[in-house]
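Kindly produce the complete structure, drawing on both the sequences and the hints.
Those protein sequence lines, which keep their order, are chains A and B.
So for the first sequence, the working numbering puts the first residue at 1; every next one is plus one.
So for the second sequence, the working numbering puts the first residue at 313; every next one is plus one.
Some hints here could point you the wrong way.
[Stated by the list, open to error] A few chain B residues that face chain A, going by a derived Cβ cut-off under 7 Å, partial list only:
{"no.": "1", "residue": "G386"}
{"no.": "2", "residue": "H402"}
{"no.": "3", "residue": "F411"}
{"no.": "4", "residue": "G412"}
{"no.": "5", "residue": "V467"}
Treat the hints as calculated values from the structure; they're not laboratory data.
Bear in mind the structure is a predicted one, so any value in this text is a computation, not a measurement.
Every residue, glycine too, gets a C-beta built ideally from N, C-alpha and C.
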Amino acid sequence: MASAPITSLSARPETPFARRPLHVTQDSIWVKWILVAGALLFLGVFLLLPLAAVFTEALRRGAAAYFASFTDPDAIAAIKLTVTAAGLAVPANLVFGIAAAWAVTKFTFPGKSVLITLIDLPFAVSPVIAGLIFVLVFGAQGWYGRYLEAGSPWLPWLQHWLIAQDFKIIFAVPGIVLATMFITVPFVARELIALMQSQEHDEEMAAVTLGAGGWQIFRRVTLPNIKWALFYGVILCNARAMGEFGAVSVVSGHIRGETNTLPLHVEILYNEYNFVAAFAVASLLAILAMVTLALKSIVEWRHAVSRCVGAS
Amino acid sequence: MSITASAITKTFGRHTALAGVNFHAPSGKLVGLLGPSGSGKTTLLRILAGIEFADTGSGAVHFGDEEVTSVPAGKRGVGFVFQQYALFRHMTVFENVAFGLRVQEKRKRPTDAEVAARVRELLQLVQLDGLETRFPSQLSGGQRQRVALARALAVKPQVLLLDEPFGALDARVRKELRRWLRQFHDEINLTTVFVTHDQDEALEIADEIVIMNQARVEQTGTPQEIYDRPATPFVHQFLGDVNRLRAGPRWTSLLDVAGDAPSAAPDGFLYLRPHDIEVARFGDGRAGVPAVLVRSHTAGPQARLTFDVIDTGERVEAVLSRSGLAQLELKENAFALLRLRKSSFSPLPRSDFSTQINHPEHG
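Have a look at this one:
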């Protein structure tokens, strides 16, 4: 009979099982404090101590020496190059991220899962390997080099133009920008895909029935709904673009004042035992990291607020 | 503006959502598309709206005399209200309603003053004036629905399409709002089609009901026609409680007027509503089907009684007034006689079933 399982269910509270404490997550006070202390100690040793060390070492010879490190022409060139690389890579990935997220979440097409997997590729590949791939493709001995030397090339005018300009990719600025772009591909796209997959498309559909065109729908309906995730992706993307070392190191060639980004400049100064300057430049990157974290927290808070308000 | 859809077929992969469906909404009427979930009613509504399109080469949609089969939603002149209303979360009530006006082509776009006037007029119409600066999250479910309605009406649509307009509301608000919608429809006098799975809702407010099941239309008619003369066993079962009994002389011989006797539906069963069944005290001298009262449920305006028919073991539900039950002095496990109420049956002979069923062939 159907009533049999009901009786056995209702009998359950009388078993000893039911007399266990209500708060199953309640552990002893010792466990609690050991865990808290362990976590704090770890944070202190591995995060706060190095951060403090950067600023102490940078300011060891006083503020004048600290600021002098930034007026060095090589340092200025490194800052400029870093800003340029990030300034090109971030907008490119912003556009790509929106396009990819739009394509992945609004349409079904063959190869969609491949695209989603490929977006994560830069996270899976070691940055050094990524840099090497660019050297192999665009280096003097790579496909690009062979194209420049080919007797009867595809698009001869392009070959002429590239030779006339002496256009180099590897050991030059374009290579650094390319490597930075590659490394930072996932940041914006992943944020947006996660958010847009969780959102219904009803608002866009409603806009369609009200006569809005594709661009109007994107600008007036989609963009306002994704703006915080977009901003979040952009600041993380920027932080990575400015801080990238491995891939950029391989394609850069370390030409002072020309192909050195900030992280590469730190390494060079350090290898030359110029500790104050090395840590001073490193402190710039540390400040960038802290600003990024602060912005990230603000965005997360804003995003949570807008989600609460937007929840229906 | 009337809406006509003919021979619409829609498949999603291997799933057939609509199989050669014909639909007509007369101009100015409130038409309910009624059916269980998965019956294809929402797909049909979306095809009427131009959000979905019928399979290529299968039928046509007309608004009045104009063919709109391949016209997209934005150019079709439809007002569409989504089930969850799909209000723009980041816009105020005012901006939500104004959206359709603001995205019009430059030469047709009204000035800010005209937009403001139109929005105010619409908000007054749906009784939401004063809430212009609120965001959707600050409104109740019923208010959101009315914002969605005002937004849909802003672009002066030719027809209004509502997808489960009361689906997201709690029971009490539902009842209030459906009466309001009926009044509202009479005021604006716009051909309106709404989708619902709630038969009470459709029966109460629609001028015409189209009942759908498994990608097909089962029956079309006024609420009265559909309730009194269900065309198919499905419609009978779908429109509220019904007893499904094996046909036989046991029931049909109980009524002396021949035309009034129920005949079996095409599937060989008798479909009798609980209020078609009369309960009498056992041994009152008249004919009846002997049964045992298994359960009586009296919490509510009427008493619901469950009987087991003695010779077949079939279960029968009957409703009667609570005073009627008190007069019978019927207790659980007591015997009773069941009869059919004469007045319940339609004068139409039930052989009309086959002609009312709308099952277009496809292929």
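Results for each hint:
Interface restraint check for G386 of chain B: the shortest CB-CB distance to chain A comes to about 4 Å, inside 7 Å, so the restraint holds. At a threshold of 7 Å, the smallest CB-CB gap from H402 of chain B to chain A is about 4 Å, leaving the interface hint in force. Because the beta carbon of F411 of chain B sits about 6 Å from the nearest beta carbon in chain A, less than 7 Å, this interface hint is met. Contact between G412 of chain B and chain A, as hinted, is supported at the beta carbon level, the nearest pair being about 4 Å apart and thus within 7 Å.
About 6 Å separates the beta-carbon of V467 of chain B from the nearest beta-carbon of chain A, less than 7 Å, and the hint is met.
Every hint from the earlier list agrees with this structure, and none is contradicted.
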